[in-house]
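Engineer: What follows is each chain in one-letter form.
Protein chains: 4
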Amino acid sequence: MGVNAPINRKLRMGLVGGGQGSFIGRVHSIAACLDNRAELVAGALSSNPQRAKQSAPDYDIADNRAYGSYEEMFDAESKLPDDTRIDFVSITTPNHTHFEIAKAAVEAGFNVICDKPMTFDLAQAEELQKAVEESDVVFAVSHNYTGYPLVRQAREMILSGELGEIQAVRAQYIQGWLRTKLEAEEQKQAAWRTDPSKSGAAGAFGDIATHAYNLGRYMTGLLPEQVSCHLKTFVEGRQLDDYGTAVIRYQNGGLGTVTASQISHGRENDVVIEIDGTKGALQWRQENPNEMIVRQNGEPHKIYTRDPNAPYTNASGAAASRLPAGHPEAFFEAFANVYTAAFDAMVQRAEGGSPARRDTVYPNVYDGVEGMYFIQQCVASSDQDAAWLPLQHDAARK
Amino acid sequence: MGVNAPINRKLRMGLVGGGQGSFIGRVHSIAACLDNRAELVAGALSSNPQRAKQSAPDYDIADNRAYGSYEEMFDAESKLPDDTRIDFVSITTPNHTHFEIAKAAVEAGFNVICDKPMTFDLAQAEELQKAVEESDVVFAVSHNYTGYPLVRQAREMILSGELGEIQAVRAQYIQGWLRTKLEAEEQKQAAWRTDPSKSGAAGAFGDIATHAYNLGRYMTGLLPEQVSCHLKTFVEGRQLDDYGTAVIRYQNGGLGTVTASQISHGRENDVVIEIDGTKGALQWRQENPNEMIVRQNGEPHKIYTRDPNAPYTNASGAAASRLPAGHPEAFFEAFANVYTAAFDAMVQRAEGGSPARRDTVYPNVYDGVEGMYFIQQCVASSDQDAAWLPLQHDAARK
Amino acid sequence: MGVNAPINRKLRMGLVGGGQGSFIGRVHSIAACLDNRAELVAGALSSNPQRAKQSAPDYDIADNRAYGSYEEMFDAESKLPDDTRIDFVSITTPNHTHFEIAKAAVEAGFNVICDKPMTFDLAQAEELQKAVEESDVVFAVSHNYTGYPLVRQAREMILSGELGEIQAVRAQYIQGWLRTKLEAEEQKQAAWRTDPSKSGAAGAFGDIATHAYNLGRYMTGLLPEQVSCHLKTFVEGRQLDDYGTAVIRYQNGGLGTVTASQISHGRENDVVIEIDGTKGALQWRQENPNEMIVRQNGEPHKIYTRDPNAPYTNASGAAASRLPAGHPEAFFEAFANVYTAAFDAMVQRAEGGSPARRDTVYPNVYDGVEGMYFIQQCVASSDQDAAWLPLQHDAARK
Amino acid sequence: MGVNAPINRKLRMGLVGGGQGSFIGRVHSIAACLDNRAELVAGALSSNPQRAKQSAPDYDIADNRAYGSYEEMFDAESKLPDDTRIDFVSITTPNHTHFEIAKAAVEAGFNVICDKPMTFDLAQAEELQKAVEESDVVFAVSHNYTGYPLVRQAREMILSGELGEIQAVRAQYIQGWLRTKLEAEEQKQAAWRTDPSKSGAAGAFGDIATHAYNLGRYMTGLLPEQVSCHLKTFVEGRQLDDYGTAVIRYQNGGLGTVTASQISHGRENDVVIEIDGTKGALQWRQENPNEMIVRQNGEPHKIYTRDPNAPYTNASGAAASRLPAGHPEAFFEAFANVYTAAFDAMVQRAEGGSPARRDTVYPNVYDGVEGMYFIQQCVASSDQDAAWLPLQHDAARK
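Chains as they are written, first to last, in the working numbering: chain A, 6 to 403; chain B, 6 to 403; chain C, 6 to 403; chain D, 6 to 403.
Don't read these hints as lab results, they were simulated from the structure. Please note: incorrect hints may appear among the correct ones.
A pair counts as met if it fits within one copy or between any two copies, since identical chains are not told apart.
Keeping only pairs whose Cα atoms sit at most 27 Å apart, straight-line, the calculated DSSO-like set for lysine-lysine is [stated by the list, open to error]:
id	residue 1	residue 2
1	193	237
2	307	284
3	284	186
4	58	15
5	237	58
6	193	284
7	186	237
8	237	284
9	237	84
10	307	186
Can you make the complete structure from the sequences, with help from the hints?
Structural biologist: Here's what the structure looks like:
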């Protein structure tokens, strides 16, 4: 279990974003440091230099490493000695700023954990992919749901053929918090998410459908072929979609559906995925993440719990667990698992190795590109009356 | 509660189909007689005259009213005196035979409860609609899921505006029993359902997606405008779809999805419907039918139980209940509720009244036509690469 | 499946109790007739002769068999010819009247289905046992929860050793409807249940703890040795217990607990039983009766569904099912299963056989005696500060 | 939300226990540091001096503060300057060593977080209480389930009278991992827990029933009066109880039950508590900790989720949350909440204040004493055939 993993090398973290009023910056810092494998030592916590510095004490960042801007941080940190300089940068700013920060970090040689969606649009994503490929940095995207132990367990089960050929994937992410026009009330989280100049071409589909789509890709490895998407904006006056459904044809003939809502009263972060294979089927729900139902005709429905010691738990599931069964793990630990997998690669790099770039346990830059492509094609399909558009991108090639 | 309803007039039932090896015939007879408001007195239990007569003792039908064919039954019963003749006919034969039997029954003046889908194709359904309109019989279609007390409760809640404007409807019906090619093993239930000459143009979509679609229509009253459908046949060599998903545009701008599967390992009759309105949302699942979740932002998730005495239970929900809360009711009682609602109309007719034909509590001939139209348009859309096709039918007009 | 069982011989039912305002009388009549193996032909529906006769049309009982009293019914029916006379009597009156009616029915040679608790006190129960033993009638007590298919399945699993030695049984029956002093508002159901002159020595423990206790006895076959019980009356001014917990020592060294409440806000009929054996454990809940969880260390939690066709379903579970998996069955069907099992014995008797008296599939007179003994000893133990009292009764001997 | 709480003063942690092979030591260190309000700087990680020092790198503890024994640590740290010396000691060793370590820490003036049960027996607990009272240290016991946000929410609801007078408390803690005689297989966790010389007078009752009992005390504030307990050792050859049930009389007339099992196949850490009040009732389950069911007659069952922004969430529930609703929190965060509450008191002390000693948000030394008294009286009652013994201890006085 991760909880007992030795600390080979403690990594130094530099945080971009996360200043006063931020939510996701704090999540990243907790997740990164959860296992004591990393330490937050530097930050450019706001685009406002003054606020950036004022926020530093909240994170226990020393004054001399509380920078006024990410440029300043990258510059100053680059000049520090090897055993002091930050190892990686976590980018937790709004979508539209990811690209320039990430590119600068990569070019400065820092490993990166970038919040999702990775960039503002596909062109940026592709350019960032190139930058990463030209560097030797480790680059992860925080599709945090991939970090849940039972998601990892399911992935290994599927990739090893336990469920047979996968034919259907039904993924949903249902929320209710944007049911009213919160953006008109200057609610910060709502404001940027519904603003095309900050969020990008899509609303709910960029913010949450990408998670559901990525989860299906991650768990099954199925390669997509085409998408037909239908987006809706139900709240009057809103600029971006707050509801939608996409149908996906996979290259193996399988069929996928992704449904996202931000207008379903009372729903919180209801991520549910159901996967049907020729030999078995499974179902997992984020809000009760320590259970997964596995089904086969003629057998009882089986509830797999997150149990690192159970005979039915595979290596991936066990490695992602910190606690014995029945002591629930949740969001932070899953988030930390994305970090942990990236840390393994960072340590490998630091020790002179060449960590794999594709098919990594952590979502990588290619997943980031695919996510941006998914958003672009969904929006385009919806604009063309749900026409079938290609969903094959080079980033997804093996 | 129905359980204490007085028996104003006990109705006499004639059963078509239901002979040895049948399942649904027995369900109809149990459901019809559950409340002691009807009595099974005659039957044409098989298309094979000999087997028809041999099956009669299983139903306690007297020899002299065990007929060799439905024609014989309608003919003979028509000649019996008013106080002996059957009041209604229940049609529980395979799909492709419904039409001729139903039409004959209607023309002979018998009330009809017809299993779903109502006919083999839309043309038959429209012709049957005309026949019903030209008669004064009560005609019900056994979309039995509409009979669940909490479905009725939800319907009244929605139609009275409690959830506001309805914007999204997600309905699914997931099964697993046709995961393998059972029809090749001469399993009777599988054989006719996967045979286009008996089942009609669709497989899973005719058999179960119609239920899911009907449920959404029944609960919300939303009028459909267009459909885009994608059907799949995952089991090799099968002649009809065993999986599919349809997206529905409703006339009010709402969006619906209907997903049906018969190839999802271990799934039984997993009918789930989620309905999102501007003021509230609800969720109901057939396999646990005594609960419904109602949600509103800012309030706890509320589990409405089937509780005829609860202040939150409306008239429709209470009227459909036979037992106090906590004593679960299930499939038979829901099925019986379709009968009970039709019985009310039959009694009204028998007493010289003119029971309503549209917007009845029981699913009627127009619902049957709509169901056939839904199947036809889904198949056609799927054949045209999921093109948007109209889904407005005169049968659905108010 | 029961649904397709042939009707060997249709039995004639005489109902005692069930007049206007009754609930349980209607339940008995629906349950008895559900499978068309019985017909309600006679009734003494109220202790008030006039109301008794007025209630007859509600049950479609002919005037000439609507009797003014049970004595009248037994007398008149006894004189009818074999092929007309009622075969069995269902007793659905308040507790304090069961004994005299049941005894008279037995002595008149009628089979009996008696509501529970079987009598007013233990002395009556023992006398009734003797009367039954001196007759050849079939005598069943409506511990209806024993009729659920998964309860029957569990029983067979346990008795065949699948769970190993049984060491712990935790049973509860939690309700909330007597949270306020309903009896002071002249609510009929509350009034007699809280009145020691009608209900007997116990309130909640007589009304519902007996069910929970019986369920454990039925499912495990464990013989009890001693009981320590603690009863409470939480609602001020109430005459009988409305809450309590009993600890039971079984003869094999196992430990049981029975908890009953009628004062737990919002709880309906929350019967839950958990059984721990050396080889496995199971858990079943009445309010979701089509599922049972079976657990073994090292294996996933297994949800057994009520599935008559599943390989894991044993003969007892399959025989008690009427519908395929996923079409839920519930209270009425379970109740009907008690009747069906008793019908099998009645037919055997009618055909000259000697049906078994002990260890029957239906709860029998010995179970009824045990229930009364349980009530008596619980009340006595509670009166003696929860002293350990014997719980071995001859009725439970093998 | 805690996640955004400013770091007023970062506290320095010294860990006792937690060396190679330990589980709970790591849990304490993660929990303590989760919010970046504390830093692990020193440790005496094993009773074996060599192993103690070898384990230090796993925790990133500097060599010069990796001590060979707790005595050495307390001694050396006491001599360090104020701004370097550890602020608190976390004791994560086996039960029988808690007392001497805790007493020494208290006498040296260090704040303490002690794992539960607090000591080996009641005498030690009472002596420790005195030591704490004579000092001004903050002393917490890690009854970690009290840290769950919905437990805190429930506590505030109950103490403010929302549920009325509390009359019944049903608490259980069901596990299965000691179903077989693991201690014979030299499994470390099993070995000391089943060894009376290390674990104390009770097995399951000391290890887990204390948690269930404490949870009821914490949530309701009800003062106990008497206990009757029945312990069993089902696994042959085991020296301590592995199953048991206790009935508790509260001083207000309420009734409680505590059931604990370590022999229930497949059960993990199934802590469930149900609380019945005159105005409402609630139910919470540790394995799905982000939901709590609140019930009132006549109203739908209400699922309160852990939602810091919901109008129904009270101050205690909101303060214990780090994430918005739908992003589950779990075991570590609850554990951290015990630390956080103790940190608040430590900071208050450090700033010269006198933090409260009783009725603290974190479980304190009095709760520790009560836990030991509960164990002692349960064992004694069980030894006397479940006799009623007093359960009033001065530690519980207001």
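Engineer: So which of those numbered hints doesn't the model satisfy?
Structural biologist: 5, 9
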